[in-house]
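S.K.: Those protein sequence lines, which keep their order, are chains H and Z. In terms of my numbering, the first sequence opens at residue 1322 and continues consecutively. In terms of my numbering, the second sequence opens at residue 429 and continues consecutively.
Do not take every clue at face value.
Said to hold, decoys possible - Take a look, some chain Z residues computed to stay more than 12 Å from chain H by CB distance:
(1) PRO527
(2) GLU534
(3) ASP543
(4) SER562
What the hints assert, rightly or not - Here are the simulated DSBU-like pairs of lysine-lysine, each with C-alpha atoms no more than 35 Å apart in a straight line:
(5) LYS1562/H - LYS558/Z
(6) LYS538/Z - LYS558/Z
(7) LYS1397/H - LYS558/Z
(8) LYS1349/H - LYS538/Z
Worth flagging that the hints you see were computed from the coordinates, not collected in a lab. Quick reminder that beta carbons are idealized off the backbone N, C-alpha and C, glycines included.
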Amino acid sequence: MAEKAGIRRIFVANRGEIAVRVIQACRKLGVEAVVGVSDADRESLAARIADRAVCIGPAPAAQSYLKMETIVVAAKGTGCDAVHPGYGFLAERAGFQRLCAEHGLTFVGPAASAIEAMGDKLQARRMAAELGIPTVPGTDHVESAQRALEFGRQAGYPFLLKASAGGGGRGMRVVRTAEEVPVAFNAASAEARAAFGDPTLYIERFIERARHVEVQVMADTLGNVIHLGERDCSTQRRHQKLIEEAPSPVLDERLRARIADAAVRLLRHAGYVSAGTVEFILDADTREFYFLEVNTRIQVEHPVTEMVTGADIVAEQIRIAEGAPLSLAQSDISIRGHAIECRINAELPEQDFMPSPGRLAEWRAPAGEGIRVDTHCYPGYFVPPFYDSMIAKLIVHGADRTSAISKLSRALAGFTVGGVQTTIPFHQAVLAHPDFAQSRVTTRWVEETFMKQGFARERAT
Amino acid sequence: MDLSNDDIFKIVKIIEASGYDEVRLEVGDFKIHVRKHADGDAAVMPSGIAERRPLPSAPPPSPPPQEPPARSAAEEAPPDGAVVVRSPMLGTFYRAPSPGEKPFVEVGAKVVSDDTLCLVEVMKLFNSIKAGVSGTVVKILAENAAMVEHGQPLMYIRPD
């Protein structure tokens, strides 16, 4: 297990900013990087800066970035000894990890068994409960709408119907009355079957005012497990995170320590290896926290943790995959200042966040002390319509939250993008809102409060 | 289980005559996977590949801007009037049906549209690359048993 694999060349099985991020980590470690690109990404920044780029298929992801066999053939054919899956695409497919292993490729991430165990939300929830980690009150597998009605009678409404194999809000329904149960049950079950091939549902109490708090954990093959503190990702829209920060502005030291301890205990118990994130829901009213799920990959928002800890999570993932011990001990980790990240998407917030692909006629990203931009874009780059719309992550670091917010506002004002519409004005308006400044944002705030207050009007001021 | 090429040919013929599009046959260590209408059908992709559009999960708000797939500037131009046969997928390029056999075609060979020029293998799945046009093979660009990329030029054919 702890045998040193000595990675020399990594195949980057992803695109966009995370492909660039992985290539940069490879550079730092003196590892070569080969990137697999679709037809639409031949001119991407990752293709330009990698040691080699190979075209793995046509633009649609199903025919390129999601083709496990093709990616393994490409990795072997280019002499790679490891594969980094990034996030999304194949990152949380246990079958892909297995296929890599069968062909002698080191997968930069956890074992297939861990991906499977954590990917099954009910199984992960049971494990958390066994360890005495609070889970949202609810049920195990609910077989029928009848059982869901029984739960409603006993525990009351509203509650959430969730897919055991789910994620990203798919196969999930908020049920507010008994009348809604039959339709919601059938719809959630059908959606879960269609999206994940598994119709299994369970119930969780619906927390009206929730904050999303998650803990970054790193574990090596030698049994060392540490955490790098938490991130607060409460500014969301339809379960998609928009703004993330570290540390969480709503935790006191005691609660912070308890949540981090729960995360470490869970992944230690699971025998987890590599970077992983344990997500929790914090009830803003009762201040109780509950285990939500584990993400077995590098996450989009990892830079805020890097900014406040100084750790390089992607490089650490690669070292762990080689069998090396963690380069940091828990006692080395201290949280310094405050970091906030905005996901800049090529979208029109005023028109229900409609995607806005196209050629970047203008592209000037801010730079400076405490400012980091993770992006794959450059002037003249064509944002293809085939993939997700994120074009950059703007991350700032400040001495405290107030100074981070003002630095981020200035950086957003200095971010010039022409040719496509972006969420930059949306972020500026959120940062200027008193609810954000006073950390009163909950996971449904963007949809239920902010957008209803007329974001378009604020934009004009 | 010992099978000659002839036996395999017969199996393929039987499957071809059947109503099935894809057949996997496993007898002990022997495995054969035959697919009738593999992606390899669209073997000839002269400049500007006919992109199969993804099925949008939601109605697209507006027609997305179309960009021609960019080709490497370093790619050499085919001789006048020649058609480029590109690899329809990333995989391993083989010039012959099996090691030790004669290549499907050599430079100068006359081919018709349905002739197989080469194979591209992805994980034991062999895709026959058809000529797509009738003409003469004027150049073979890819190296036998080497990895070829999606869209990589494999051969030039001068149409009749």
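S.K.: It remains to establish, for every hint, whether it holds in the given structure.
M.R.: How the hints compare with the structure:
1. PRO527: Answer for PRO527/Z: holds, closest chain H Cβ roughly 18 Å.
2. GLU534: holds, 25 Å
3. ASP543: With a cut-off of 12 Å, ASP543/Z remains clear of chain H, as the shortest Cβ separation is near 25 Å.
4. SER562: Since the minimum Cβ distance to chain H is about 27 Å, SER562/Z lies beyond 12 Å and the statement holds.
5. LYS1562/H - LYS558/Z: Since the Cα atoms of LYS1562/H and LYS558/Z sit roughly 47 Å apart, the hinted pair is violated (cutoff 35 Å).
6. LYS538/Z - LYS558/Z: holds, 13 Å
7. LYS1397/H - LYS558/Z: Within the cut-off at roughly 26 Å; holds.
8. LYS1349/H - LYS538/Z: violated, 53 Å
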